[in-house]
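J.: Here is how the chains run, residue by residue.
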Amino acid sequence: MRHQPAIESLRAQIEKIEGQTRRVKSVLPFGIADIDARLPGGGLPLGALHEIAGGGNGAVDGAAAALFAAGIATRTKGKVLWVITRSDLFAPALAQAGLAPDRVIYVEAGNDKTVLACVEEGLRHGGLGAVVGEVARLDMTASRRLQLCAEGSGSIGLALRRWRRQSEAVDFGQPTAAATRWRVSVMPSAALPVPGVGRHRWLLELIRVRAGESADFEVEACDGSGRLAVPAELARGPASTAGWRRGAAG
Amino acid sequence: MVRVVSLFLPSWPADRLRRQAGDAAPPAETPLVLIGHDGRRQVVRAADAAAMAAGARVGMPAAKARILVQGLVVRDHDPAADAQGLDRLALWALRRYAPIVAADPPDGLVIDSTGADHLHGGEEPMLAGLIDRLASSGVRARAAIADSWGAAHALARYAARPVLIAPLGHSGSVLTGLPLAALRLPADMVAALHVLGFERIGDLLAQPRAPLTLRFGPQLGRRIDQALGILSEPIVPIRPDELIEVRRNFAEPIGAAETIARHIGELVAQLCAGLEAEGLGAKRLDLICHRVDDRLQAVRVGVAMPVRDVKRLTRLLIDKIETIEPGFGIETLSLAATLAEPLAERQILTTMVDDGTPDVSDLVDTLVNRVGERSLYRAAPVATETPERSVLRIPAMAPDTGETWQGRWPRPSRLLASPEPIETLAALPDHPPVAFTWRGVRRRVRRADGPERIRGEWWRRDAELTAVRDYFRVEDDAGERYWIFRSGDGEDPNSGSQRWFLHGVFG
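Taken in order, these protein sequences are the chains called A and B. So the first sequence is numbered by full-length UniProt numbering: it starts at 1 and just counts up by one. So the second sequence is numbered by full-length UniProt numbering: it starts at 1 and just counts up by one.
Here chain A stands alone, though its shape is the one from the complex:
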């Protein structure tokens, strides 16, 4: 599917037409071939805004979404600005995802408007690795501003969509200027041979990606260095079958 020269050259042409002389596009790969293959450039583009929301019951507390964002932030360089409205984020959990407490500067903003303003300020500064903002509403104008700030500085912007009520989550899906849009829902962990909870598992939905197609992934939650993993039973089986099929077809 990938590496078709025609599509690559078309993309190059489109970028030329768009005329934005962007700096060398760098990406932050997840290190999981399956996910990176779905993202143009082979990873999460730096200098862009990404939207992350929790799925199902997690839409309100966004616990998994926050951890997913923390994992991405961990793998960037430099300080991380985390702008919140409700102070229920538990710093030790971020540290367990590899985000050292010294790296995170928290900003408690009173409302969405202030959150967006602070995120914008952080993105424009350029000295930060990632800027995370927990917002309920994000419209086209606001997200476009953030996207432009991120493009200008090369910092990664993470809009963590968080609602007060489940019903508000329908807002997620309205068009925004974010480069990618993710939904993270919890899944039952793998059964262990002994009683206990295994490594946390998520259903990662890539709902929207600029110049790419949406996809679902089943992953194991961030480890101590912010990296996701492919569940063992999925890493075998289907993947090898696909390889075999490709080989046979080509």
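Think of the hints as simulated: they come from the structure by calculation, not from any bench. Please note: incorrect hints may appear among the correct ones.
[What the hints assert, rightly or not] Facing chain B, a subset of chain A residues (Cβ under 7 angstroms, in silico):
id, residue
1, N57
2, K79
3, G98
4, P101
5, V107
6, A109
[Claimed, not checked] Now the in silico label distances, taken between C-beta atoms and shown as ranges:
id, chain 1, residue 1, chain 2, residue 2, range
7, B, S232, A, R210, 23 to 31 angstroms
8, B, R453, A, D139, 57 to 65 angstroms
9, B, A383, A, E18, 48 to 56 angstroms
10, A, G212, B, A478, 28 to 36 angstroms
11, A, N111, B, P240, 21 to 29 angstroms
12, B, L428, A, N111, 44 to 52 angstroms
13, A, E18, B, E322, 43 to 51 angstroms
14, A, V170, B, D203, 27 to 35 angstroms
15, B, T384, A, R210, 40 to 48 angstroms
16, B, R461, A, E233, 36 to 44 angstroms
17, B, L428, A, A211, 55 to 63 angstroms
[Said to hold, decoys possible] To be clear about the criterion: a stretch of chain A counts as covered by chain B if any three or more of its residues have a C-beta under 8 angstroms from a C-beta of chain B, and this derived list gives those stretches:
id, stretch
18, 29 to 42
19, 82 to 93
20, 160 to 174
21, 192 to 199
Glycine residues also receive a C-beta, built at the ideal position from the N, C-alpha and C atoms.
Take the given structure of chain A and dock chain B to it, following the hints.
T.: Here is chain B on its own, set in the frame of chain A:
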């Protein structure tokens, strides 16, 4: 909207004397009065709380006070020193609270706190903090905040216990019950009004103004209007001599944001030149706009480390332009570095030796000025087992601690502000529940991890001596993972209520 704080120091001369004398001062419980001459008589000019309680009053002959109060200590009253002390106190408030502060002699301060209170957590914490700070240095104080100087002055002296916050946009209603003396009128005028049967401010407000003005002159009406906030009363802000201040007068009042921004840029450049001559860097800048209608508008920005960078300081000030209401125009802009510290020239590191961590202090400054100092922080680990106490907030620019939380048990990414009780179906004392109901939803526990036993911190409270919490990480059918605990060890009633709580949500 203007908000003015009036600070009232009921026993300032006595408190100041005690503070100045230090260890040599009479102990706090000894009654102390200060005497001065009234013509040829010696009268009490000021008394401290103990003397007042024993019956001494201001204006009483000194001899009478000596007889009335046992063990009375008498000192000479020194009004000049009191005024100087008040000025020093005003400077302290200027550095700490707001850009527009003035001494309100003989016994108070006035602070224009418009737009400055959020940096101290709001009006109530600001006033409480102000009173506490003064009390800890031995100065009794009361304070009130209102929409005008006159109202705040009256409320601080006649209604504050020890703090009073008049609602925003209050009218004369907060003043009606106060005595006439609260209006800052000469004593003989108050006496004359009493003779006419006026007791409270409310009585005066109900009267037609013309006959009163005819009889008492314009001052009465002016004081009433000032208290009601109809007539503006400019506060002339205190400026210490050594302050580095630049100002600019405009022949034609300015109002447009761009114009203000341009002039701010020029003022900052001028100020930085002044700072450089002294070898200082600004830690706080106050911009005061004098409007044509005699109102002052102030903007205060602060930085964590001393700065003398024109661009950066300009940017901080320009960020705040939207808080300035130019009204009919601004005729003077004055910019002062109210807090400055020595700043040595430093060589800028080149990229060759740069350690690769960009400086974010300017961003932190910008954000602090936007959301307030308390809202910007880093988390630092605390050596404790109790989850809700394990995070300490430290300033965003504090040096790196290099520490992190110990322990290998997973922690939830969302921690509820307080544990919420859940209905459970538990099997055995040492096991997690098989099902629980949280916020009206019943969940069946599929898998669980635990218990992680967390013991109370006996050195904090006696109640925690035997307290125990058993934490479990549970996963329900849908895969949602929660952090629940039982208060108590499941057997001993002394260890807790044996009820179950939900404390966090795992990602």
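J.: Evaluate each hint against the coordinates.
T.: Hints, verified against the model:
The interface hint given for A:N57 is met, as the beta carbon of that residue sits about 6 angstroms from the closest beta carbon of chain B, less than 7 angstroms. Given the 7 angstroms rule on beta carbons, the hint for A:K79 holds: about 5 angstroms separates it from the nearest Cβ of chain B. Checking A:G98 against chain B by beta carbon gives a least distance of about 10 angstroms; that is not within 7 angstroms, so the hint is violated. With a cut of 7 angstroms, the hint placing A:P101 at the interface with chain B holds, because the nearest CB-to-CB distance is about 5 angstroms.
The criterion of a C-beta within 7 angstroms of any C-beta in chain B is met by A:V107, whose closest approach is roughly 5 angstroms, and the hint holds. Because the smallest distance between the Cβ of A:A109 and any Cβ of chain B comes to about 6 angstroms, under 7 angstroms, the interface hint for this residue holds. Between B:S232 and A:R210 the beta carbon distance is about 55 angstroms. The supplied range of 23 to 31 angstroms is therefore violated. Under the hint 57 to 65 angstroms, the C-beta atoms of B:R453 and A:D139, about 48 angstroms apart, miss the expected range.
The beta-carbon spacing between B:A383 and A:E18, approximately 54 angstroms, falls within the hinted interval of 48 to 56 angstroms. Here the CB-CB span from A:G212 to B:A478 is close to 29 angstroms, well matched to the stated 28 to 36 angstroms. For A:N111 and B:P240, the hinted distance range of 21 to 29 angstroms is not satisfied, since their beta carbons lie about 38 angstroms from each other. Between B:L428 and A:N111 the beta carbons are some 47 angstroms apart, a value that agrees with the proposed interval 44 to 52 angstroms.
Judged by the Cβ atoms, the range 43 to 51 angstroms given for A:E18 and B:E322 is violated: they are separated by roughly 33 angstroms. Range check, A:V170 to B:D203: Cβ separation about 60 angstroms, and the 27 to 35 angstroms hint is violated. For the hinted restraint 40 to 48 angstroms between B:T384 and A:R210, the CB-CB distance of approximately 46 angstroms keeps it satisfied. Range check, B:R461 to A:E233: Cβ separation about 49 angstroms, and the 36 to 44 angstroms hint is violated.
Between B:L428 and A:A211 the beta carbon distance is about 56 angstroms. The supplied range of 55 to 63 angstroms therefore holds. Figure legend: the stretch 29 to 42 of chain A, annotated as covered by chain B; annotation inconsistent (0 residues with Cβ-Cβ distances under 8 angstroms, at least 3 required). Proximity of the stretch 82 to 93 of chain A to chain B, defined as three or more residues with a beta carbon under 8 angstroms from a beta carbon of that chain, is established by the 7 residues found. Judged by the Cβ-Cβ criterion of 8 angstroms, the stretch 160 to 174 of chain A is not covered by chain B as claimed, because only 0 of its residues qualify and three are needed.
With a threshold of 8 angstroms between beta carbons, the proposed coverage of the stretch 192 to 199 of chain A by chain B holds, since 5 of its residues qualify and at least three are required.
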